[in-house]
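Chemist: Letter by letter, the chains look like this.
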Amino acid sequence: MKDHTINIGAQVKRGSAELAILSVLSDGPLHGYEISKRIERQSQGLLRFNLASLYPLLYRMEKRGWVSGNWEGPAGGRQRRYYRLGPAGKRRLVPLREEWGQLFQALHTLAGVTHA
Amino acid sequence: MPDWRVIARKKLGPLGLEAKRQEEIVLELAGHLEDLYSDALRQGRSHAEALHSAFGAAADWDELRRELQLAANEEVSMNHRVKTLWLPGACTIALSGIVLRLLQNPSAPVPHVLWPWHSTELVIYWWWLLSLPVIGAIGAYWSRHAGGRFLERALAVSLPALGMVCLPLLMFPFVLGYDLIRFHSFPFVPMAVLLLGWGVLPEAALLVGGLPFLRGQSGQVAASH
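Just so you know, the sequences run in chain order A and B. Mapping of the first sequence onto this note's numbering: residues 1 to 116, in sequence order. Mapping of the second sequence onto this note's numbering: residues 117 to 341, in sequence order.
Careful, some of the hints might be misleading.
[What the hints assert, rightly or not] Here are the computed lysine-lysine pairs in the DSS-like style, where the Cα-Cα straight-line distance is at most 25 angstroms:
#1 Lys126(B) to Lys90(A)
#2 Lys126(B) to Lys136(B)
#3 Lys90(A) to Lys136(B)
#4 Lys37(A) to Lys90(A)
#5 Lys37(A) to Lys199(B)
#6 Lys90(A) to Lys127(B)
#7 Lys90(A) to Lys63(A)
#8 Lys37(A) to Lys63(A)
Hint data in this document are derived by calculation from the structure and do not stem from the laboratory. A quick note: this is a predicted structure, and the numbers were derived from the prediction, not measured.
In isolation and in its complexed conformation, chain A is listed as follows (with noise of 0.2 angstroms):
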């Protein structure tokens, strides 16, 4: 009973940062510092990632095509690695905007919780 309820709060918190970081890839391509300050930036600092839950996340999109990273900058200056939203990215938001939702309005009306 334990695992169970500890897995399904690992899930919903993996699945919560995919949401977070295909969305605001969706407005264009961004590095791993940039997608940490804008989530945090977004949500009015109630998302917060650190090294250990943004890259590791990243690599597994990029892995699935859902992202796609590569070093950019200029020539001799600092190299970034910037992540754009891949097609199958852009497919997996909607469904993923569309769970969220319906996971929130269930537990609205389960328990009055509201989205902000």
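Given chain A's structure and the hints, the job is docking chain B onto it.
Modeler: Below, chain B without anything else, positioned relative to chain A:
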């Protein structure tokens, strides 16, 4: 300014990845730490506070290493479309093809109807048509269980009929050209017979079986993604 690349490399330790990939990760993490540090300085914080801010983003390097290794070793699972459309669709196509092939065996004493329609014969394998609702139900149920949405379920159900019609239609321009040159006419009746016998009727039969599973909640919820 601290050398963030050296710090990240030392703190992270070996990930068990090829050297180039490991170095890319180190470079990326070092860039993130540097941005945090620089941002903190820009906000007027002291060097010590900026360092604290940067290291705060990676308080647990062991966890970071573990997560990076897990991500690197994670097998890419089948993507959503494969699970919800192509696998159930391949199943319905295979089942439909097997049943039809069995019925087309000349030694099989299974009746079929040759319905002469003008100059063309419409072949109807009744037992095949009767088997299609079951096959459609299997495809729709599979797709729904895998988390397929309405369109994916409907396509998984319809693939056998679509295949039956689309493949001959690829030949259509050649047939049309040949008939126009040879007979100076458009083959309306054969085309209509083809569409009816191998498209419309099978599609209807498949949908009848799949209908109960085309609507309703999929087998996976948001939390399982």
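Chemist: A separate judgement is required for each hint: does it hold in the structure or not?
Modeler: Checked hints:
{"no.": "1", "hint": "Lys126(B) to Lys90(A)", "in the structure": "violated, 37 angstroms"}
{"no.": "2", "hint": "Lys126(B) to Lys136(B)", "in the structure": "holds, 16 angstroms"}
{"no.": "3", "hint": "Lys90(A) to Lys136(B)", "in the structure": "violated, 29 angstroms"}
{"no.": "4", "hint": "Lys37(A) to Lys90(A)", "in the structure": "holds, 21 angstroms"}
{"no.": "5", "hint": "Lys37(A) to Lys199(B)", "in the structure": "violated, 35 angstroms"}
{"no.": "6", "hint": "Lys90(A) to Lys127(B)", "in the structure": "violated, 35 angstroms"}
{"no.": "7", "hint": "Lys90(A) to Lys63(A)", "in the structure": "holds, 15 angstroms"}
{"no.": "8", "hint": "Lys37(A) to Lys63(A)", "in the structure": "holds, 23 angstroms"}
Hint violations for this structure: numbers 1, 3, 5, 6, all remaining hints satisfied.
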